[in-house]
Amino acid sequence: MTTISLQHVSRFFGNTAAVDSVTVSIPSGSLFFLLGPSGCGKTTLLRLISGLDVPSKGEIWFDNSDVSTIPIEKRNVGIVFQQYALWPHMTVEENIRFGLTQRRMEKRAITDRIQEVLSLTQLGPLSKRLPSELSGGQQQRVALARALALKPAVLLFDEPLSNLDPHLRYEIREQLVELHRSVPTTMIYVTHDTEEALSMADEIAILNKGRIVQSGRPEVLFHQPQSEFVARFLGEVNIFDGIVVKTTKGIGCYFSETTIELPEQFGALGVDAAGEPIRIAIRPSYLSYPADDEFGITGTIEKIVFTGPATRLVIRISSSHSLTALLPSYRCNGLSIGDSITVGYDPRTIARLGNTHSDESSKQL
Amino acid sequence: MRNPRAPSLYSVAFAVFIWIILGLFLVYPLLAIGKNAFIVEGRISLSPLFALSQDPLLIRITRNSLSLAFGVSLVATIIAIPIALLLAHRQFAGRRIILLLLAVPLLLPPFIGVIGLRQILGRFGSVNLLLLGSGIISEPIDWLPTGSAFAVGILQVLHLYPVVVAQLLSSFEQQPASLHEAARSVGATPLARLFRVTLPLALPSIISSATLTFVASFTDLGTPLLFEYRAVLPVQIFNLLTDLHENTVGYALVFVVALVSLLMFAISDLFARAHHSERSVREGATIARQPLCGWSFIAVLLPITIITALSILPHVGIILIALSERWFFTVLPESFTFSHLNLVFSHPLTLIGMRTSITLALISTLLIIILGATIGWLVVRSVIPGRRLLSLVALSPLAIPGMLFAFGYLGAFSQTILDSAVNPLPLLAIAYTVRRLPFMLRIITAGLAETSISYEEAARSVGASPLAIARCITIPLLRRYVIAGAILCFAFAMVEVSDSLILAREEKFYPIAKVLYALTARPDGIEVASALGTIVMCVSALLLGAARLVRAKR
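From first to last, the protein sequence lines stand for chains X and P. For the first sequence, counting from 1, position 170 maps to 170 in the working numbering; every step adds exactly one. For the second sequence, counting from 1, position 275 maps to 275 in the working numbering; every step adds exactly one.
Looking at chain X on its own, in the form it has when it is part of the complex (with noise of 0.2 Å):
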């Protein structure tokens, strides 16, 4: 198993960064997502690591050997590609015979890796198919299979399931995982899709313009967000800015005449901070409602929009604010618009953003 270390990587097309001075470390044997927009850099900065393509700046390590400029075919590295890339006139079995010709091995321990991975990955009917009689689910097994066979150091893929539907999807989001875990090899993947990212990852960078923005655990970047960007791409979110003020129970943030009681945790802003601008972050679907008599935001319901097991409130509570709310549906029975709600919160819940406003590419979000 491989630990890449990526230090101060850019790629520039013309004057474009598509990639911006990255430096990440991804642990030996992680399932590593790459995690963005469209355009963000995510499958450029994977094609760096993969050896198609070389950074303008920067260094790539796996493990202790500099391999920056080591073309894809001497990096010992297996690709999913989007695509799938099979080749159309070589079956099944010849797909994933091809690399390890290449490598020269002895050809009985090229029958058994193949029966091996065909084993591994079910695709033992199928071999002797052309990837035209595959279905996509097929086809996209064959992509892993043919990647495994060489038993890469590291195995990285391009967004391999966009091209599936949303049942297909979900099965083999388990399979992957399962995979990972049965051949422990540092897995690197790419997408833009924040459910399969958030499900599957051991470890998540969230990139924009190039650059990552954070990274770190799913559940951490979920309840943690640094930044407005990140809170927005990762699901609904209220976001507001305030003041710190002092609260009877500790620390609270003040906005148009209402204020949300913040974590223990932030208790290190301690009174000192009071005062001090503030922007928190708090996901509609940790809101409750009825609330309980502790924490509780109170306004009145402007929008009521049904969306089978949860309904979304919208809230108005001042009259530059709103908040969005969303519930069991179960629990919205008998509420119109107009009427006054108050919906509760837990402050665990609440995340601090970083202070800069928000920037461009959160605002499309």
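These are calculated hints, taken from the structure and not from any lab test. Where is the CB? At the ideal position from N, CA and C, for every residue including glycine. Hints may be right or wrong, so weigh each one.
[Said to hold, decoys possible] Pairwise CB distance ranges, derived in the manner of DEER restraints:
1. X:T307 / P:A103: 38 to 48 Å
2. P:A446 / X:F13: 23 to 33 Å
3. P:L203 / X:Q83: 34 to 44 Å
4. X:G14 / P:R505: 47 to 57 Å
5. X:P71 / P:R184: 50 to 60 Å
6. X:F13 / P:I59: 54 to 64 Å
7. P:V16 / X:G14: 23 to 33 Å
Position chain P relative to chain X; hints supplied.
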């Protein structure tokens, strides 16, 4: 350490090799025309061009050529537009047959059609005999008088309008239905839609095919030669062949031809750039063909059938002559025979022609495959600097008439190891290669563009070397494109006209085109020329069909 993003050593070596080839056999010969036209006694001089502009005969000839080309281009376009529109937007019985018949004129060089046309429309041809016999006329009409521009023009139109139809058909078929539906939704009548939507969108294609037709007519040597219409530039240039080195007027005339061709190419290119709308709207569903039946079917099919029948008349005439035992003063042959066809395989001249053409076509096709594949790969896949220029230069023969190349070669390589006066075969093979290289290059670049680079990247990811990738991935994936392109190039090389007429001057080196030309000049050669023409037509049809099948096969 070598910069990994710099071009690989392979690509640099290939690019150097290709530039040398193109420089030597494409750029240098064309420069040689300018050199021979404007360098008099070792000094640059415009006197040949000045002399040309002072010569009333040459001015008249230039004017004739321009008028003929303009007329042919105009008439061919006017005929082609409605036919292409109907084929694109209407479904009717016989549509596929018409499409098939439209390809017939392309199977043979136009000049050979003169024999067939004379037999049918000549003074004592089938039509006159039929009209005389039925009492409609009392004196035979000279439909295609010898030495007339009209006759040359008619034959050129019949030969060239299918090319325009093919180009416009593709343009009309690709227009998105939504644009027409939008016009309907705002109440545009069919006529308004035609003039405000359909034709403006197809304008670059119309201009491109019209300029192509113009250049083809302007530089056609065979048809005016056969009709003995000598007052056109190509024939004058051809006549000056013998004293080309003493008389610079020949090269000055070739320069005029080059200038006009270049101007036409520039006009076409300007239109394509100015009206890039045609390219940018090719998205979404295309117009579904509406059925045509009843009176409208008859009203439409009748003129199309007449024009199509006229265009295949020369070929029908050739086939009938090839099969006729006796056809003299009768509407149709009195009896049929295969003896002329058999004679093709024993006549010394036809045997020379077939052997020469097949050898040259094979050699040039092989060279085209090597050059086309290399240039295609360099243009689409490599990062070598100057890729666009390379592509432009390699594709330029599409816009440069064959006779320019032939004269360029005469000027550039006389008294060298490649002197065509000694042995024209090497230069003919090179000329065929350079002339047809664009066809292969277009097919291969299209193939490479359609074939995702991920296939090659995937092969790299499993450790394959560049050679292994080329052998196991790229070439097998491009195989059908290369085969289809090779068949087309072979078929075209078999009947290459201008280069063959100009470069091959001794019988023992005659390719098929020159054999056909030589036989038509002999009183006893008409039947065997027709038989050879018939065989060439059948082989060309088979080859074009095979190329289409290979290309379509997935």
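*Distance restraint hint 23 to 33 Å, applied to the beta-carbon atoms of P:V16 and X:G14*: For P:V16 and X:G14 the Cβ distance comes to about 27 Å; the hint holds.
Q) Falls inside 38 to 48 Å, the C-beta gap from X:T307 to P:A103? A) violated, 60 Å
Do the Cβ positions of X:G14 and P:R505 conform to the proposed distance bound of 47 to 57 Å? holds, 55 Å
- prompt: P:A446 and X:F13, beta-carbon distance inside 23 to 33 Å?
  reply: holds, 25 Å
Holds or violated: 34 to 44 Å for the Cβ distance of P:L203 and X:Q83? holds, 36 Å
Q) Cβ-Cβ distance between X:P71 and P:R184: within 50 to 60 Å? A) holds, 56 Å
- [ ] Could you check the hint for me, namely that X:F13 and P:I59 are 54 to 64 Å apart, CB to CB?
- [x] Holds - the Cβ-Cβ distance for X:F13 and P:I59, about 55 Å, lies within 54 to 64 Å.
Checked against the numbered hints given earlier, the structure breaks only hint 1 and satisfies all the rest.
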